[in-house]
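A.B. asks: Protein chains in written order, with my numbering: chain A, 4 to 254; chain B, 21 to 244.
For the record, the hints were derived by calculation from the structure and aren't laboratory data. For every residue, glycine included, the Cβ atom is placed at its ideal position computed from N, Cα and C. Don't take each hint at face value.
[What the hints assert, rightly or not] With a straight-line cut-off of 20 angstroms between C-alpha atoms, the simulated EDC-like cross-links for lysine to aspartate or glutamate are:
#	chain 1	residue 1	chain 2	residue 2
1	A	Lys29	B	Glu125
2	B	Lys215	B	Glu152
3	B	Lys89	A	Asp5
4	B	Lys233	B	Glu125
5	A	Lys29	A	Glu194
6	B	Lys197	B	Asp171
7	B	Lys129	A	Glu144
8	B	Lys242	B	Asp174
9	A	Lys66	A	Glu111
10	B	Lys197	A	Glu144
11	B	Lys138	A	Glu38
12	A	Lys157	B	Asp146
13	A	Lys12	B	Glu152
[Claimed, not checked] A few chain B residues that don't get close to chain A, going by computed Cβ distances all over 10 angstroms:
#	residue
14	Leu24
15	Tyr91
16	Asn139
17	Glu152
18	Arg170
19	Val201
20	Phe220
The residues making up each chain are set out below.
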Amino acid sequence: MDNSSYIEKARSTVKRNLSIDDLIRKVITFIDSSEKSENTMFEAVYDLFFLYFPEAANISQTKEAFINMTVHGVSRDEVAKTLGMSIDSMGYDLDDEDLQLLSTVVNEIHNVHILLKIAGERLEQIMLANYVNVTKVCGYELGARLISMGGGIKKLAYMPSSRIQVLGADKSRFSQSEARNPKYGIIFKHEKIENADQDLRGRSARIIASKISMAAKLDLFSKKDKSGELIADMNKELANLKKHGTFKRNR
Amino acid sequence: MELLNVIDNVYWLKQGRRTLVSLNMVRDRQVYGEKLFDIKSQQYREWIPDRSKLAAAFYKGFRNVDIKKGYKILYLGASSGTTVSHVSDIVGADGSVYAVELSEEMGIKLILLAESRKNIFPIIGDARKVKELVGDARNFDFIYQDISQRDQVDIFIGAVQSLLKPGKSAAIAIKTKSIDVRASSRDVIDQEVKKLGKFFKVTASINLYPYQKDHALVFVTKRQ
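Chain B extracted, bound-state conformation (with noise of 0.2 angstroms):
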């Protein structure tokens, strides 16, 4: 078995096929069913792809995400906590993970899952009135979003221009179906991207397909 680092505390997992993995943060603990592999007295956590997005842009080829230890990074549209609880991983005790979930049933999980990880900040509210919401936390150093709304890259460009700190990038997750359900997923992407592209300079939009579909993710950087 052989690791092969991809950001901080990310890791591909050589055995045969290749697993991405990230560091498990509370040992012995698992969050939505992931494997666990005991390599070197450190404990790794499989990411799924299938269930994760920004898992799948890994398994697409991509590995320039900015998130590091020690960053404070904003979640739009948390769920369930499957990919917080990475993205907590990464950043580590230092960092911390402002999860924000409209859902009350979602948030349940969220917030069991910020019981047993100290850096996961949950919010029960709508991402819409996110900087009410977070309170006094402002120039987050990541922001990222999922959330499955016409407008949700409206949503994206008015928290990133007000929290993200300047020179930092951050990334969205479109659901091509939940803009327009008629037009191609493609025409959609292309569509969102040069919106986006009008307010940051664009680094990378990568197709999900076959780990999600019709979904995109799309990585933005703030200008100075």
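Looking at chain A on its own, in the form it has when it is part of the complex (with noise of 0.2 angstroms):
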């Protein structure tokens, strides 16, 4: 018995099946994965770079001054004209081919620098071209890893909004030593939650995740844009809930 019809019908139910949601859950894979990279890359060379010119690398600790910092060129000419110093410095003088070495390496971090944030503009394209609600209610990232987490959108769309608020916090959930469930999991990173009063938190959490289970089920059925009436019932709600402690609508 020949087994290509078998094969024929798996390659056009694979092709049928594959969306946009396995897309945007590489993407992110792909973005992880090279913010994590390039933050090891940062420290190794951060170290190199601390033993040649200390006194600028003090300055500029973070991964976004030391980008900067070297926007020009790694010597030491071009970092303190860069930034407006002194040349002078304790630190050990390399070589020419051991600049060479280090410019190479601070070229690479530039290089993923500008590849995360093409990648992170793309992702905002394709949120915003397919899951327009999701995306303006929650943010185009957290959207992303919200589609990606829960499986897909027609899933998310299906979720109790409850789900969505412990959604990526599986671990405290599942854990035998937490008595209670945990109030919030990936949703945190939403701003109006994390800028939220430490006691008003995991209500902020409740009221967000209800709008962002009613925002997936209008990009998954209607597809019309209503964010606009969502994001005002949402800060109507978080306003209430800061007043009152609580948010019911008519209070």
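Dock chain one against chain two, each of which comes alone in its own frame, and use the hints as you go.
C.D. replies: What follows is the structure, given as structure tokens:
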């Protein structure tokens, strides 16, 4: 018996079932791993640069500051010019070959930085084109993470909002030592929750999860942009919560 | 080097430590980065117990696996086709392996494998609806199931009752942590074996530690 008809059928099923959600998941994973490798590389390069020019390195300790500092070159002349400081240094004088190596690695970090920026922009485009309500309610990155963690927009839309609220908090949700359920999972990255008062965060998460749930349903079924209403509703309920400590609308 | 037959086309390769190998159906072709051995004009592939639960059962001392040359086999939860490739080695060109997999991404690898091995019939779909998926194919000689779902035992019972030939045997790889995270592995296995015992004759229940953590392979026989 020949298996070619089965192969043909399976191939068409795969082709039909792959969707934009798979692309979103891959892009998010790609961004995460690139960010991780960028950080590891930065730490090593920073140490090397510290040996060479500790004065400048001490000023720019974060990754962004380091990238800005080395934008014109890595030698003492160029860095001192960029920062507007003295070229005098107590650091070890590197040879030209070593400087060449340093500049190559710094270049690599610059490239990864640009790559991440491009990937983020592209992800935002994809999210806005396909899931406009979710993107506007919770931002493109969180939206993409929720879609990839929930297993696609369809599953996310059918999910109860309490489930969306604790998506990504599986460890504490299923742990035996913690008696209570977690208040929030990945949704904590939402600026409205991160910046909320400590004792209102759990309840804010509940409001925002419910709005994301509605947005996902809108994106799946009607595909109309009603994010304005949703955001206005959300802000009203959050303001109520801050005022009265509860989010019931008629209060 | 010495070859000891276990079942059809599967051998223990003795050179110091023993290694489980299966006769390679497609020469010089690796599936998942396993080692190849050339012995007396035949080629054998290593069957790694850390990657495949069926291989782990052999390493744990079980050898009454009822898979033979020319058998028609239903494989639920084929994934990327690691174990499927070895099962396809065993049944040979006259047999057939119907491999069901839900995930598209894993399915792609399975389909690519099936293109080089003519006895694998890939099916992308949910194992719960296996009766509709396999079409006219009925009366399988062996059913193997390896899906990590809470209701995996119920799915297995349904598939065996409707699709397996009476008197033939089947195997299920139970992942205890997907049935109950909090309960101990042994309790879950006991409970599921009891459930299986109501419908079939349970011939063996093998805990796959240390090759696979929290997994058990249970063999059952369908009554005549």
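A.B. asks: Now tell me if each hint is right for this structure.
C.D. replies: Each hint tested on the structure:
Of the pairs offered as hints, the one joining A:Lys29 and B:Glu125 holds, with about 12 angstroms between alpha carbons and a cut-off of 20 angstroms not exceeded. Between B:Lys215 and B:Glu152 the CA atoms are separated by roughly 25 angstroms; this puts the pair beyond 20 angstroms, and the hint is violated. Taking the CA atoms of B:Lys89 and A:Asp5, the gap is near 17 angstroms; set against the 20 angstroms cutoff, the hint holds. Among the hinted pairs, B:Lys233 with B:Glu125 is inconsistent with the structure: their alpha-carbon atoms are about 25 angstroms apart, more than 20 angstroms.
Straight-line distance between C-alpha atoms of A:Lys29 and A:Glu194 comes to about 24 angstroms, which puts the hinted pair past the 20 angstroms bound. Between B:Lys197 and B:Asp171 the CA atoms are separated by roughly 12 angstroms; this keeps the pair inside 20 angstroms, and the hint holds. Taking the CA atoms of B:Lys129 and A:Glu144, the gap is about 30 angstroms. The hint is violated against a cut of 20 angstroms. About 15 angstroms separates the Cα atoms of B:Lys242 and B:Asp174, which keeps this hinted pair within 20 angstroms; it holds.
Among the hinted pairs, A:Lys66 with A:Glu111 is consistent with the structure: their alpha-carbon atoms are about 13 angstroms apart, no more than 20 angstroms. Annotation: proposed proximity of B:Lys197 to A:Glu144 is violated, straight-line Cα distance about 31 angstroms (limit 20 angstroms). Note on B:Lys138 and A:Glu38: the hinted pairing is violated, with a Cα-Cα distance of about 43 angstroms set against a maximum of 20 angstroms. For the given pair, A:Lys157 sits about 17 angstroms from B:Asp146 by alpha-carbon distance, which is consistent with the 20 angstroms threshold.
A threshold of 20 angstroms between alpha carbons decides the hint, and for A:Lys12 with B:Glu152 the separation of about 14 angstroms falls inside it, so the pair holds. At roughly 32 angstroms, the least C-beta separation between B:Leu24 and chain A is larger than 10 angstroms, which holds for a residue marked as non-interface. Interface exclusion of B:Tyr91 from chain A stands, the closest Cβ pair being 13 angstroms apart, more than 10 angstroms. Look at B:Asn139: its CB is around 7 angstroms from the nearest CB on chain A, not clear of 10 angstroms, so calling it non-interface is violated.
Distance check for B:Glu152 against chain A: the nearest CB is about 13 angstroms away, which clears 10 angstroms, and the non-interface claim stands. Separation of B:Arg170 from chain A is adequate, the least Cβ-Cβ distance of about 13 angstroms exceeding the 10 angstroms criterion. Interface exclusion of B:Val201 from chain A breaks down, the closest Cβ pair being 6 angstroms apart, not more than 10 angstroms. B:Phe220, annotated as away from the interface, keeps every beta carbon of chain A farther than 10 angstroms; the closest lies near 28 angstroms.
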